[in-house]
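Those protein sequences? They're chains C and Y, same order as listed. The opening residue of the first sequence carries number 1 in the numbering used here; numbering runs sequentially from there. The opening residue of the second sequence carries number 1 in the numbering used here; numbering runs sequentially from there.
Heads up, some of the hints might be wrong.
Said to hold, decoys possible - Computed list of lysine-lysine pairs in DSBU-like fashion (alpha-carbon distance at most 35 angstroms, straight line):
| # | chain 1 | residue 1 | chain 2 | residue 2 |
| --- | --- | --- | --- | --- |
| 1 | C | K105 | C | K133 |
| 2 | Y | K168 | Y | K214 |
| 3 | C | K105 | C | K161 |
| 4 | C | K105 | Y | K59 |
| 5 | C | K48 | C | K156 |
| 6 | Y | K214 | Y | K59 |
| 7 | Y | K168 | C | K156 |
| 8 | C | K161 | C | K48 |
| 9 | C | K133 | C | K161 |
| 10 | C | K156 | C | K105 |
| 11 | C | K48 | Y | K168 |
| 12 | Y | K214 | C | K48 |
Unchecked claim - If you want a taste of the chain C side facing chain Y, the calculated C-beta under 7 angstroms gives, among others:
| # | residue |
| --- | --- |
| 13 | T17 |
| 14 | K48 |
| 15 | E50 |
| 16 | P51 |
| 17 | R54 |
| 18 | F59 |
| 19 | G62 |
| 20 | T83 |
To be verified - Residues of chain C placed beyond 12 angstroms of chain Y at every Cβ, according to the derived structure:
| # | residue |
| --- | --- |
| 21 | R167 |
| 22 | S170 |
| 23 | A269 |
If you are wondering where the hints come from, they were derived from the structure by calculation, not from laboratory data. Just so we're clear, the structure is a prediction, and the values are computed from it rather than from any experiment. Glycine included, each C-beta is placed from N, C-alpha and C at the ideal position.
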Amino acid sequence: MPARLDAALLIAGHGSTVNPDSSAPSLAQAQAIREQEIFREVACCFWKEEPSFRDARLFFDGPEIRAVFVVPNFISEGYFTQTVIPRELELAGRLTTRPNGQLWKYCAPVGNHSAVTDLLLQRAREIAPGVPKSETSLLIVGHGTSLNDQSAVAAKREVEKIAALGRYASVQSAYMEEPPLIADWVSLTTAPNVVVVPFFISDGLHSYEDIPGLLGIEREGDTAAGARAIFQRSPHRLHDRNLYYASALGTAPEFARIILEQVAAFDEAALDLAPIAETVISAHS
Amino acid sequence: MPPPIERVLSDWIASGARGIGQILIAEREGEFTLCHRDDEGRDGLAARNSPNDAVEIAKFDEEGNYRPLKTAPNLRRGWCLELPDISALREALDFFYPGRLAALLAWERNRLHPTPLRETLRRQTGMYRVAAHVTDGEADALVSRFCRSQGGAPGCLRTILWARDETKARPSTRLPLDKFIAPGDQTGRGEQVIPLLCQEACNLLVAEAQRVVKAE
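Working from the sequences, and respecting the hints, build out all of it.
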């Protein structure tokens with residue numbers, strides 16, 4: 001990507017008050033992009049950590065920064081990308097002009113990018129090297145319903161794209177909180193090998209404990225290191241199947257490139273300057 | 001020309017500020033060494049030399065517990081961070097106390113507009129919408145407990161600039177007056193420091209307000 005020294009990049013993530021690894025992917029990708037010296041400044045902001053989305057309104061205070069690209073590091077469009085981030089950052093739509101003339105460009109979330117499909121396939125290959133895909137069921141697992149959570153929709157979209165390739169014996173999505181349930185993985189899948197990829201941005205309680213628990217994987221020890229070790233122990237022999245369990249998709253370093261491509265896509269797209277959603281308007285009224 | 005934040009940081013240090021929050025800043029010929037203020041003059045500190053090291057230093061407290069609020073007075077000790085220039089200092093401080101230098105710059109330029117607590121709570125949607133139902137009395141007690149510089153739970157070293165509501169009343173009558181006046185040394189040492197300014201109730205406080213309301 002060519003240098004954009006008149007611009008800054010703001011990566012907006014969820015963060016956590018209990019999980020020390022939640023913000024790690026955003027921070028790592030920010031650092032990787034910072035080292036490429038494309039933007040004059042690169043910063044992160046979070047809903048549940050510091051700096052907050054509100055703090056980020058104060059960033060990039062210099063006349064040389066004419067544009068700020070905001071990229072949500074979220075796995076899908078949804079409550080956070082459509083309601084919380086625009087409200088907290090005071091974005092009026094895809095394009096917002098600040099009183100000082102600075103343009104804030106609100107890009108699509110990383111999970112919307114078409115390359116996510118390739119990263120899912122890559123993650124599945126890496127966790128089960130040499131395992132024939134024709135004898136493997138791929139299970140993409142998400143959170144499921146919560147407030148305006150469209151991650152389930154996004155997971156289904158990825159399932160359809162990967163299934164259409166015809167490489168795996170079967171491809172399905174499963175969720176923690178709505179059917180098809182992760183806990184039913186044995187009946188949902190048919191192949192002797194099962195690869196499970198969490199459709200999340202970061203590792204945390206869901207990928208360390210909740211999903212392994214639903215899959216029936218026993219935890220080793222109570223330490224944080226023990227929790228992370230879950231990803232090094234594949235395959236797990238359960239119900240006469242070989243279960244391969246990967247870490248959260250969003251921890252892949254390739255997401256830094258996706259962030260940059262969402263920035264490029266913003267400028268390439270014919271902009272629809274209409275507000276992002278009704279919720280944005282109501283938040284400002 | 002250095003970025004505005006670095007110029008402001010340089011000015012504060014040149015004017016005699018010895019630190020920020022719990023961090024001591026020592027300058028020598030344009031290079032900086034940071035350590036915990038309680039570790040001043042102590043030997044045997046684990047030396048680090050990258051601004052990124054601040055991320056890990058700031059992540060866990062002395063007991064290994066995750067620190068969701070970086071301005072809580074529980075920064076661990078035993079380390080020192082050597083930084084080659086003002087740019088690296090700024091980077092490290094942005095990891096130790098994320099967002100605080102940007103708030104300081106805005107404050108210096110009279111462009112920091114604190115948001116009253118009621119406005120922050122009214123803005124919430126989803127699971128935090130109910131937080132707006134917290135009473136003034138409950139908010140007073142909550143802010144006193146949560147934001148107190150010393151002995152709070154978890155406590156916070158920021159100077160509160162936001163009011164309770166449009167009447168400009170202080171959000172808590174139980175905190176000392178200097179909790180609301182910048183620049184003050186919230187560690188209680190009374191030294192000249194770079195202030196950690198709070199222009200708006202954080203999400204952690206909003207979440208606590210939600211818990212108070214839901215517990216009723």
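Evaluation of the provided hints:
no. : hint                 : verdict
1   : K105(C) with K133(C) : violated, 41 angstroms
2   : K168(Y) with K214(Y) : holds, 27 angstroms
3   : K105(C) with K161(C) : holds, 29 angstroms
4   : K105(C) with K59(Y)  : holds, 31 angstroms
5   : K48(C) with K156(C)  : holds, 27 angstroms
6   : K214(Y) with K59(Y)  : holds, 29 angstroms
7   : K168(Y) with K156(C) : violated, 50 angstroms
8   : K161(C) with K48(C)  : holds, 33 angstroms
9   : K133(C) with K161(C) : holds, 16 angstroms
10  : K156(C) with K105(C) : holds, 28 angstroms
11  : K48(C) with K168(Y)  : holds, 27 angstroms
12  : K214(Y) with K48(C)  : holds, 19 angstroms
13  : T17                  : holds, 4 angstroms
14  : K48                  : holds, 6 angstroms
15  : E50                  : holds, 4 angstroms
16  : P51                  : holds, 3 angstroms
17  : R54                  : holds, 5 angstroms
18  : F59                  : holds, 5 angstroms
19  : G62                  : holds, 6 angstroms
20  : T83                  : holds, 6 angstroms
21  : R167                 : holds, 39 angstroms
22  : S170                 : holds, 35 angstroms
23  : A269                 : holds, 28 angstroms
Violated hints, listed in ascending order, are 1, 7; each of the other numbered hints is respected by the structure.
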